[in-house]
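Enquirer: Sequence:
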Amino acid sequence: MATKVLQSYFYWQTLFRDSREFVRNCDKCQRAKNLPRNHEMRQQKILEIELFDVWGIDFMGPFPPTYSNTYILVAVDYVSKWVKTMALPTNDTKVVMSFLQRHIFSRFGIPMTLFSDRGSHFCNRQLDSLLQRYGVRHMVATPYHP
1 MATKVLQSYF YWQTLFRDSR EFVRNCDKCQ RAKNLPRNHE MRQQKILEIE LFDVWGIDFM
61 GPFPPTYSNT YILVAVDYVS KWVKTMALPT NDTKVVMSFL QRHIFSRFGI PMTLFSDRGS
121 HFCNRQLDSL LQRYGVRHMV ATPYHP
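In the UniProt record's numbering, the protein residues as written are 1 to 146.
What the hints contain is simulated information worked out from the structure, not anything from laboratory work. Don't be surprised by glycine CBs; every beta carbon is placed ideally from N, CA and C. The reader is advised that the hints may include incorrect statements.
Ranges between beta-carbon positions, derived for each pair [stated by the list, open to error]:
#1 Trp12 - Met139: 53 to 59 Å
#2 Phe16 - Ser120: 52 to 58 Å
#3 Trp82 - Leu15: 51 to 57 Å
#4 Trp82 - Cys123: 23 to 29 Å
#5 Met86 - Arg20: 56 to 62 Å
#6 Phe63 - Phe16: 55 to 61 Å
#7 Phe16 - Ile49: 38 to 44 Å
#8 Ser19 - Val83: 49 to 55 Å
#9 Cys26 - Glu50: 48 to 54 Å
#10 Lys28 - Pro62: 21 to 27 Å
Model the full assembly from the supplied sequences, consistent with the hints where possible.
Expert: Next comes the structure, spelled out in structure tokens:
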């Protein structure tokens, strides 16, 4: 409010104090003010900064079959933005585990962290066991906030 008054080339000594008091006593202003954000989830910071230490993984599809493949598994390194993709006939845990071992772990080394969504092909005992064996921390993104 004080900014609008100043832009109109008006000024008085207690302009900001008066504006603050006006807004504090205005019912409409109080209803429109920002609500506390206590209900929101805290964001976790990613501390790893080395190349190929943090990967995000997700499936795309299903697409119309091409050479019997209907899905694309996409892995992205968070630091270098390097993308590794593979066309696959299914989107199950076995292909995820095979992809990680053959195309990520063997080529880029064992990452510290793997991010995924909550798909059943990523959140299961077999993949958790594999990641635990290699010492990879599995972080699961919250819905609608990857």
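Enquirer: Now look at each hint and say whether the structure bears it out.
Expert: Quick rundown of the hints versus the structure:
1. Remark: the range hint 53 to 59 Å for Trp12 to Met139 is upheld by a beta-carbon distance near 54 Å.
2. Hint check: Phe16 to Ser120, Cβ distance near 56 Å, so the stated range 52 to 58 Å holds.
3. Judged by the Cβ atoms, the range 51 to 57 Å given for Trp82 and Leu15 holds: they are separated by roughly 55 Å.
4. In this structure the supplied range 23 to 29 Å holds for Trp82 paired with Cys123, their Cβ-Cβ distance being about 24 Å.
5. As the Cβ distance of Met86 to Arg20 is approximately 59 Å, the hint placing it in 56 to 62 Å holds.
6. Between Phe63 and Phe16 the Cβ separation comes to about 59 Å, which falls inside the hinted range of 55 to 61 Å.
7. The hint said 38 to 44 Å for the Cβ distance between Phe16 and Ile49, and at roughly 43 Å that hint holds.
8. A beta carbon spacing of about 51 Å between Ser19 and Val83 agrees with the range 49 to 55 Å that was offered as a hint.
9. The hint said 48 to 54 Å for the Cβ distance between Cys26 and Glu50, and at roughly 52 Å that hint holds.
10. For the pair Lys28 and Pro62, the supplied restraint of 21 to 27 Å is violated, since their beta-carbon distance comes to about 50 Å.
Checked against the numbered hints above, the structure violates only hint 10.
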